[in-house]
Amino acid sequence: MVTAERPVFVIETRHDAAFAFEAASLVQALELLQTPWLAAALDDFHRRHQRTSNRCEPARIRAATAAEAALYRGLADEFADGSNRFLVAELPDEL
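Quick note: the sequence shown uses the numbering used here, first residue 688, plus one each step.
Accuracy of the hints is not assured; some may be wrong.
What the hints assert, rightly or not - Pair ranges (Cβ atoms, derived):
#1 Glu692 to Arg734: 28 to 38 angstroms
#2 Glu777 to Arg693: 15 to 25 angstroms
#3 Ala753 to Pro723: 29 to 39 angstroms
#4 Ala753 to Leu774: 11 to 21 angstroms
In case anyone wonders, no lab produced these hints; they're calculated from the structure. Ideal placement from N, C-alpha and C gives every residue a C-beta, glycine not left out.
Please construct the entire structure, taking both the sequences and the accompanying hints into account.
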C-alpha cells in the first residue's frame, strides 16, 4: 500500500531564517506555529545564532516549494529513527 506524503510547510521569520516541517494541513501548520514549544525552539535557534528574537514577531507560513519539500524530505529520511518525533529543519538561504 502506498501512503501519501503529508504536505510540507515553511515558516519564514523576520530574521531571514526559514524552517520546514510536515503537517496534515495548513490549519494544523498554523496551530503548530502557535504552540509554546515551537516558539521556544525558534527563540533558542535565534539565540544560538546570536540573533535577537521576539516571540511575538510575525512569522509567515506557506506551502513549501517543490525544492524545499525535497530538501526537507531528504533531511527527514537522513534523521529518521523510527520514532514519532517532530522534525523542523532549517532551510539554507541559497535554495
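Consistency of the hints with the structure:
no. : hint                                 : verdict
1   : Glu692 to Arg734: 28 to 38 angstroms : 32 angstroms, holds
2   : Glu777 to Arg693: 15 to 25 angstroms : 19 angstroms, holds
3   : Ala753 to Pro723: 29 to 39 angstroms : 32 angstroms, holds
4   : Ala753 to Leu774: 11 to 21 angstroms : 19 angstroms, holds
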